[in-house]
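Asks: In case you want the letters, here they are:
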Amino acid sequence: MFKRNFTTLTLALIPVAIAINIAIGQLIVLLKLPIYLDSIGTVLVGLLAGPLAGLVAGGLTNLIWGLSGLNPTYTPFFYVAAVIGLLAGVFGALRWAKKIWLWLIGGLLTGVVAAILSAPTSAIVFGGVTGAGTDLLVAALRASGAGIMQATFGQGIVSDPIDKLVSFLIVWLIVLALPVRLKARFPQADKLPGETTVADSWDA
Amino acid sequence: MTDAFSLYAARPSGLHRLNPLTTLALVGFCLVAGLALPGPWGPYAVFLLVLLLAAWGQVLPDLLRDALKIALPFAVSVFLIQGLFWTGGTPVVGLGPLSLKREGLLFAAQSTGHILAVVGSFLLLSLTTRPDALMRTLDQRGLPKALTYVVLATIQIAPRFQAKANTILDAQRSRGLETEGGVRQRVRALLPLVVPLILGSLIDIEERAMSLEARGFSRTGEKTSLLVLPDSAAQRIARWLLLVGMVAVVAAALTLGSR
Numbered sequence: 000m001f002k003r004n005f006t007t008l009t010l011a012l013i014p015v016a017i018a019i020n021i022a023i024g025q026l027i028v029l030l031k032l033p034i035y036l037d038s039i040g041t042v043l044v045g046l047l048a049g050p051l052a053g054l055v056a057g058g059l060t061n062l063i064w065g066l067s068g069l070n071p072t073y074t075p076f077f078y079v080a081a082v083i084g085l086l087a088g089v090f091g092a093l094r095w096a097k098k099i100w101l102w103l104i105g106g107l108l109t110g111v112v113a114a115i116l117s118a119p120t121s122a123i124v125f126g127g128v129t130g131a132g133t134d135l136l137v138a139a140l141r142a143s144g145a146g147i148m149q150a151t152f153g154q155g156i157v158s159d160p161i162d163k164l165v166s167f168l169i170v171w172l173i174v175l176a177l178p179v180r181l182k183a184r185f186p187q188a189d190k191l192p193g194e195t196t197v198a199d200s201w202d203a
Numbered sequence: 000m001t002d003a004f005s006l007y008a009a010r011p012s013g014l015h016r017l018n019p020l021t022t023l024a025l026v027g028f029c030l031v032a033g034l035a036l037p038g039p040w041g042p043y044a045v046f047l048l049v050l051l052l053a054a055w056g057q058v059l060p061d062l063l064r065d066a067l068k069i070a071l072p073f074a075v076s077v078f079l080i081q082g083l084f085w086t087g088g089t090p091v092v093g094l095g096p097l098s099l100k101r102e103g104l105l106f107a108a109q110s111t112g113h114i115l116a117v118v119g120s121f122l123l124l125s126l127t128t129r130p131d132a133l134m135r136t137l138d139q140r141g142l143p144k145a146l147t148y149v150v151l152a153t154i155q156i157a158p159r160f161q162a163k164a165n166t167i168l169d170a171q172r173s174r175g176l177e178t179e180g181g182v183r184q185r186v187r188a189l190l191p192l193v194v195p196l197i198l199g200s201l202i203d204i205e206e207r208a209m210s211l212e213a214r215g216f217s218r219t220g221e222k223t224s225l226l227v228l229p230d231s232a233a234q235r236i237a238r239w240l241l242l243v244g245m246v247a248v249v250a251a252a253l254t255l256g257s258r
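Protein chains in written order, with numbering that gives the first Met the number 0: chain E, 0 to 203; chain G, 0 to 258.
None of these hints come from the bench; they were simulated from the model. Treat the hints with care, as some may be off.
[Stated by the list, open to error] In the EDC-like style, the derived pairs of lysine to aspartate or glutamate whose C-alpha atoms are separated by at most 16 Å in a straight line are: (1) G:Lys144 <-> G:Glu212; (2) E:Lys31 <-> G:Glu177; (3) E:Lys31 <-> G:Glu179.
[What the hints assert, rightly or not] Listed next, the stretches of chain E that the computed footprint assigns to chain G, with coverage defined by at least 3 CB atoms under 8 Å from CB atoms of chain G: (4) 117-131; (5) 137-145.
[Claimed, not checked] Over the 12 Å line for every Cβ pair with chain G, so calculated as not near, a few chain E residues: (6) Val89; (7) Arg94; (8) Lys98; (9) Val157; (10) Asp189.
Since we're looking at a predicted model, the values are computed, not measured. Even glycine gets a Cβ: it sits at the ideal position worked out from N, Cα and C.
Based on the provided sequences and hints, a complete structural model is requested.
Replies: Written out as structure tokens, the structure is:
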């Protein structure tokens with residue numbers, strides 16, 4: 000299944016994308032920004048190489064990052080990351096990236112889905128908290144009578160769509176800036192933003 | 000930053016000598032039991048089991064230090080939030096206009112137990128199992144080779160990417176990019192840091208793909224590995240028992256919960 004669906008170029012892309020997720024995720028911690036941006040590589044794979052490749056890149060990011068022992072709290076959320084990659088791939092396949100506003104709507108939708116999917120794990124494994132600043136929101140929601148699951152979801156629905164919107168925007172800008180020659184070699188080449196076919200100079 | 004993208008600590012222990020699949024089954028059992036065992040104290044019993052296993056693997060200090068460091072912020076948050084804002088609980092300690100509720104504190108204790116059990120299990124695997132050995136056993140058992148490549152390649156390039164990110168950070172700072180100060184300033188610093196990192200690495204991908212092809216990556220057929228992994232009948236039996244144990248723990252938790 001693996002070999003049949005993925006070209007060698009896609010397989011070379013996935014580890015690089017996962018490393019991008021991790022490096023930028025930690026850069027954000029360094030910059031102390033209230034956002035995660037740890038799925039830029041995943042969204043990029045989804046857009047360039049399709050839903051299945053996005054799913055693999057997302058899921059493996061959390062499994063590898065978590066099981067390396069450097070960030071074990073990420074591992075239980077691997078399925079959320081996988082769905083983020085899958086959705087980016089689906090929106091890409093639907094040619095949503097051809098129009099920036101459609102693509103950004105895709106980002107918002109992905110964020111909503113991520114918030115819904117991560118709430119149960121967050122509530123059951125982590126007691127509904129993240130150990131970070133956004134917990135103030137969980138506190139406020141709990142104080143106003145929301146259940147644990149609702150409060151967790153409330154935290155997610157505020158932070159996830161913004162995070163995915165920014166990630167989708169950055170990916171769009173990057174793909175736009177990629178050399179056409181490279182873009183043209185990926186499976187979803189004809190669905191990418193900007194120029195995607197190489198003008199054949201020999202025909203002229 | 001880090002030079003190795005793995006916590007693996009080589010020790011001459013029995014746990015390290017196990018077939019990675021057996022360690023995986025052990026960790027799986029701890030995870031399932033840690034989340035399925037009822038009551039606030041069930042997960043702590045599992046965490047204790049993880050600590051005993053860590054002691055056998057001679058990684059107890061490492062595991063304990065990392066697990067506590069990771070669990071602490073969660074524990075503080077969950078005790079404050081669920082303790083203070085539990086709806087309709089019985090107050091035990093009054094703090095001005097607020098009070099800590101008994102039910103909330105019990106829930107927080109259970110959540111902290113879950114976090115310790117889950118994080119502890121994952122750390123046990125990371126500390127005692129070489130990632131390449133784990134992937135090798137999995138691909139012997141039918142996991143696609145391409146997946147093995149993806150995982151091992153990631154482990155190798157991730158630290159180099161972190162170093163690259165730091166180089167870009169330094170380079171942009173030396174050009175006068177403000178990376179400290181207000182949120183707006185730090186947001187504006189984002190693109191000049193992120194874009195060079197990604198564009199630079201994407202350009203390398205084609206070269207990687209060509210080197211893979213040149214080494215027969217997409218060839219079909221049997222391939223020989225240099226890494227030979229020990230396994231034994233006893234370990235195979237132990238893995239089956241652990242699997243049965245997982246089912247038993249879940250079944251027990253379900254029957255206890257339905258009563």
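Asks: Hints first: check each against the structure and report whether it holds.
Replies: Structure-based check of each hint:
A hinted pair counts as satisfied when its Cα atoms are at most 16 Å apart, and Lys144 of chain G with Glu212 of chain G qualifies at roughly 14 Å. Proposed proximity of Lys31 of chain E and Glu177 of chain G is supported: the alpha carbons are some 13 Å apart, at most 16 Å. A C-alpha spacing of about 9 Å is found between Lys31 of chain E and Glu179 of chain G, which places the hinted pair at or below 16 Å, so the restraint holds. Counting residues of the segment 117-131 of chain E whose C-beta lies closer than 8 Å to any C-beta of chain G gives 9; at least three are required, and the coverage claim holds.
For the segment 137-145 of chain E, the stated coverage by chain G holds: 5 residues have a C-beta nearer than 8 Å to a C-beta of that chain, and at least 3 were required. Residue placement check: Val89 of chain E keeps its beta carbon more than 12 Å from all beta carbons of chain G (closest about 21 Å). Against the 12 Å criterion, Arg94 of chain E stays outside the reach of chain G, whose nearest CB is about 21 Å from its own CB. The beta carbon of Lys98 of chain E sits about 21 Å from the closest Cβ of chain G, which is more than 12 Å, so the claim that it is off the interface holds.
At the 12 Å boundary, the C-beta of Val157 of chain E stays outside the reach of chain G, the nearest C-beta of that chain being 16 Å off. For Asp189 of chain E, the requirement that its beta carbon stay farther than 12 Å from each beta carbon of chain G is met, with the minimum near 18 Å.
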